[in-house]
Amino acid sequence: MRIELVKRPERSALFAALSPFIALGLTLIAGAIMFSLLGKNPVEALYYYFIDPLREVWSLHELAVKAAPLILIAVGLSICYLSNNWNIGAEGQFIVGAIMGSILPVMFPDFQSWIVLPLMLLMGIAGGALYGAIPAYLKVRFNTNEILTSLMLVYVAQLFLDWMVRGPWRNPAGMNFPETRTFSPSAVLPEIWSASGRANWGFVFAIVAAIALWFMLSRTLKGFEVLVLGQSPRAGRFAGFSQSRMVFFAFLVSGGLAGLAGISEVSGAIGQLRPTISPGYGFAAIIVAFLGRLNPLGIIAAGLVLALSYLGGEAAQISLGVSDKVVRAFQGMLLFFVLACDTLILYRIRFVGASAAKTVEATQNV
Amino acid sequence: MFEDILITIATAATPLLIASVGEVVVERSGVLNLGVEGMMVMGAVTGFGVALTTGSPWLGVLAAIIVGALFSLLFGFLTLTLVTNQVATGLALTLLGLGLSGMLGESFVGLPGIKMDYIHIPFLSELPFVGKLLFGQDPLFYVSLLLTAGVAYFLFRTRAGLTLRSIGDNHTSAHALGIKVIAIRYLAVMFGGACAGLAGAYLSLVYTPQWIENMTAGRGWIALALVVFASWRPWRVLAGAYLFGAVSIGQLHAQALGIGVPSQLLSSLPYLATIVVLVLISRNRRLTMVNTPASLGRPFVPDR
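The listed protein sequences derive, respectively, from chains E and D. Just remember that our numbering sits 1177 ahead of the position in the first sequence, which is counted from 1. Just remember that our numbering sits 6 ahead of the position in the second sequence, which is counted from 1.
In short, the hints are calculated from the structure, not lab data. Bear in mind that the values here come from a model prediction, so they are computed numbers and not experimental data. Each hint can be trusted.
Sample of chain D residues facing chain E (criterion: CB under 8 Å; computed from the structure): (1) 102; (2) 108; (3) 109; (4) 234; (5) 280.
DSBU-like cross-link-like pairs, simulated, lysine-lysine; straight-line CA separation at most 35 Å: (6) 186(D) / 1184(E); (7) 138(D) / 121(D); (8) 121(D) / 1502(E); (9) 1184(E) / 1399(E); (10) 1217(E) / 1502(E).
Don't be surprised by glycine CBs; every beta carbon is placed ideally from N, CA and C.
Construct all of the structure, not just a fragment, from the sequences and the given hints.
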């Protein structure tokens, strides 16, 4: 038996809408099998992963805390991927944004004013955008593959952060722990509704960014430019769009948003810099972007799903003793299924047996 | 002293060389598999685990090769049969590999591993200066050299190699000539996966005989960069791999000597060197245009 693809006459709107759900369903099935192999009751395990975290208000707040960076980074990445710029270094842009944004609260802790927080956020955005500009510049100027350069810069950023918090920025009163001083209250991103939980304004930024980019992509000329240059660079050139400026645009937007995510996370959720400030948000956001079908509104939903998997991982670890490493295997499977299901949008899949193939040929010859 | 440094450079270069030579074959067939890091880390965890349970590093190596090839089949099925985007699917393979290996290897963390024995040939290994370097290394070092020679011979001196390269340069014409494009690409992808698995096993059985999560630390990506650096030629991959081996060993020695530069900044040197080398090689647009397989990364659906 053989699998054959038959091109659909036009994109299937039905499968374009359904494919993320089919992918989620397949991931759940594969997850259930995986848990049975690990010797756990699959129903119970999936319950702890995907239902239990939704039952309490504080836990919904945690969901927003985890979803905020994922959504912020992923909507930026959607601009990149739609315009055919493969930025996979969002993790590094996240870290550099966090470092740049932390300059004020770490180096000038006595400077306390209402203006500190806006300045921190702006510097975080600038840091991420500048770090994202490096692969963009190398791509435009030297034709260097942006996939490899942006990824290499992640390792550089991680090592740099490690050095900062162990070296020059280590808290002088911190018993030699590798961490900076804790931020003063004026440098902490406030919680949205602190009576009920921890969710901070980072989540609001994420929703606003998603809606703004959705508007840009679907209602403005710039958005059209992104799509045209991504699907057909030649057509874009004839339309007078500049490929080089698009590379910079995509990397600056996604880098800036990743930087904003970084400083929001550090200022809102952690309160200081540490050697590790992200459980791989920059990479998980790639999955979020594809699960949301590169549509900023879809990405909001997808970000919540991935955030749920992080929370579920913690819940399952506590209640079932399942390792938290399972989460990343889960997320990797999800991206596989998403990509596989997207094939259904453009193609019909036909299973051909050996004899059936001959019949088809015979009918074609008639 | 100098000889020891050369040997450690070879140890750092060998996994890069093995993974990179495998990827040369994959990319020469027109497929861009960015999942090297994922396949490599799966090889590392498999090699470590099997060697630990059976007590034989050779069984570990064999298992790593098989798992690498099987894992790459996932990528092959998606990109070749379902024609998904190769860049995104390669990323997915890396993310899945890093996640799965972390899960599978959790019980191995902190256990002492099994180190593969070094070859010792009486008399020859004791020659001054070159003895240990040429005749007293780990067996996989020799495998990596044979692999490079074999792939170079296969690609440029055999009919099958020519067929493979023709698919990479123009899959439509190759298909029209009756060449089985998809089938050959499947084989190429699996060969790349097997090599990446072997490279991973080298890390966990020779380089540092233990299992650490994410122990590949970007080597799969550096291997991908090496392919570009070497303009898809096996012997140049060898040169590039040893250059990178020298950079990473050099920074380790600099750390040991305590030259006053923070260790983290020295550790980032191999990654920065990768970027610099990529820039130097890709700024020559004509060179890259001529050498890049023309169908690299392009989807192929046979018309019937």
